[in-house]
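Colleague: Sequence:
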Amino acid sequence: MTPSHSAPGVADLPDDIRVLTETEVDASIRWLWHHATADLDSPGCGLVLDRDDLPGVATVAATGFALAAWCVGVERGILDRVAVRDRVAATLRTLEESVPQRGGFLAHFVDAGTGERQGRSEYSTIDTTLALCGAVVAASFFAGDAPEIAVRADRLLERIDWDWIINDSGEKTVVRMAWVGGRDDDYADGADDAGFVSAWSMTAEQLPMYLLAAGHPAVSNDRARDLWRGFDKPVGSYGGHECVHEPAGTLFTYHFPLAFYPFQRVRDLDGRDWWANARAASLASKAWCADQSDRWKTFAAGLWGPAAGLGPDGYVVNGARPALREPHADGTVPPVSLFGALPLAPDEVAPALRALRDDHPGAWNRWGATDGVNLEGDEPWYAEPRYGLNKGATALLGAAALGSTLVWDAFSQHPWIARGAHALGFTPA
Numbered sequence: 091m092t093p094s095h096s097a098p099g100v101a102d103l104p105d106d107i108r109v110l111t112e113t114e115v116d117a118s119i120r121w122l123w124h125h126a127t128a129d130l131d132s133p134g135c136g137l138v139l140d141r142d143d144l145p146g147v148a149t150v151a152a153t154g155f156a157l158a159a160w161c162v163g164v165e166r167g168i169l170d171r172v173a174v175r176d177r178v179a180a181t182l183r184t185l186e187e188s189v190p191q192r193g194g195f196l197a198h199f200v201d202a203g204t205g206e207r208q209g210r211s212e213y214s215t216i217d218t219t220l221a222l223c224g225a226v227v228a229a230s231f232f233a234g235d236a237p238e239i240a241v242r243a244d245r246l247l248e249r250i251d252w253d254w255i256i257n258d259s260g261e262k263t264v265v266r267m268a269w270v271g272g273r274d275d276d277y278a279d280g281a282d283d284a285g286f287v288s289a290w291s292m293t294a295e296q297l298p299m300y301l302l303a304a305g306h307p308a309v310s311n312d313r314a315r316d317l318w319r320g321f322d323k324p325v326g327s328y329g330g331h332e333c334v335h336e337p338a339g340t341l342f343t344y345h346f347p348l349a350f351y352p353f354q355r356v357r358d359l360d361g362r363d364w365w366a367n368a369r370a371a372s373l374a375s376k377a378w379c380a381d382q383s384d385r386w387k388t389f390a391a392g393l394w395g396p397a398a399g400l401g402p403d404g405y406v407v408n409g410a411r412p413a414l415r416e417p418h419a420d421g422t423v424p425p426v427s428l429f430g431a432l433p434l435a436p437d438e439v440a441p442a443l444r445a446l447r448d449d450h451p452g453a454w455n456r457w458g459a460t461d462g463v464n465l466e467g468d469e470p471w472y473a474e475p476r477y478g479l480n481k482g483a484t485a486l487l488g489a490a491a492l493g494s495t496l497v498w499d500a501f502s503q504h505p506w507i508a509r510g511a512h513a514l515g516f517t518p519a
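Just add 90 to the spot in the sequence shown (first one is 1) and you have this note's numbering.
You may find that some hints are simply not true.
[Unchecked claim] Calculated pairs, EDC-like style, for lysine to aspartate or glutamate (alpha carbon to alpha carbon, straight line, at most 20 Å):
id : residue 1 : residue 2
1  : Lys262    : Asp282
2  : Lys323    : Asp363
3  : Lys323    : Asp251
4  : Lys262    : Asp251
5  : Lys323    : Asp258
6  : Lys262    : Asp360
7  : Lys262    : Asp316
Keep in mind that the hints were calculated from the coordinates and are not lab data. Given the structure is predicted, the values throughout are model-derived calculations rather than measurements.
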């Protein structure tokens, strides 16, 4: 179908890749709809599973992606607007009233039925950021016919205590990554005496976090800009593609921010183009994988884009050059890397998607592409479970590649985000 929000400047997709992407986007949206708690009266309504082989374990980050993806589903005609509106309203109620929070930051893993904290989950800044990004998109999308959604989204944004989570005691001003409530909690080994875990001191997937913080009335423009300047931005290159890069060279960190905010429309306070940066990082990853094809059968088969996800031996964080250290590799590629790079570099992505489609029928089922492909063994390995995060990123970035600007428009035009962009000194491209 032709989206009602078109994206001028996004390159046309070849017909076969357009058909493949249409199918994948719709399958991903349906996964996110099917694997969320559906009962509108449930205290966990709208919470989306972390992965579909672990019933009952949801994540607030996957839920945030779903809130935006369900709106895309309405645009694409595969979800009913009233049903989505009602579930979005109930989901924001869940996030506000059921999911445990500390300083406004939500527990990462929660029970899909009750919203209660799952196990010893940390209270995560990035997972809360992704949840709030989805809430902002939904609030804009339903602005005319669901005032409850806008009110709840505003309350979720306003209750964040940025003073509590920001660390400006050192040379730079940074946001801490998480807080843990006890020494037995996840990530407690890396926590300080106050329970704070590490900090966003590197370039990674956290860019939308600064827009949320800068839009808060309690955060001054100066402090917002100190936060933007507070994370390291090392510049490296591979294969002639220069970019600010993250430490491990894992590809999803460049793509996730673009799922919500249209960085191609702005330059940051230093004049940097983060859309072009993500394109360069994607092409550098492709070039690095091509140069490793004599070592890894997966790369020799034309697949590329190592990132974090499930591999044959469990969860793995793979990467490519440029990176601060030698990239880790086990020959696994998550297809979300390809769909994530599609709006950035469609001509360069198309051959890999064709290889995935034509040579690997085992990588697909009714929910779309697998979460991992590894060809290093005697037989191809395909991850069986689908992850909510990857289905969410595929839905949003795949829709963008098809020409939709719904999510970008809804997110960037929300008053909170527009205020944040101004406070950060973003200027039109």
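Colleague: Decide, hint by hint, whether the structure agrees.
Modeller: Evaluated hints:
Simply put, Lys262 and Asp282 have alpha-carbon atoms about 18 Å apart, close enough for the 20 Å limit, and the pair holds. As the CA atoms of Lys323 and Asp363 are separated by approximately 13 Å, the hinted pair is consistent with the 20 Å bound. With a C-alpha separation of about 26 Å, the suggested pairing of Lys323 with Asp251 is violated against the 20 Å cut-off. A C-alpha spacing of about 19 Å is found between Lys262 and Asp251, which places the hinted pair at or below 20 Å, so the restraint holds.
This hinted pair checks out: Lys323 and Asp258 have alpha carbons roughly 18 Å apart, not beyond 20 Å. Of the pairs offered as hints, the one joining Lys262 and Asp360 holds, with about 17 Å between alpha carbons and a cut-off of 20 Å not exceeded. At most 20 Å may separate the alpha-carbon atoms for a hinted pair to count; Lys262 and Asp316 meet this at roughly 7 Å.
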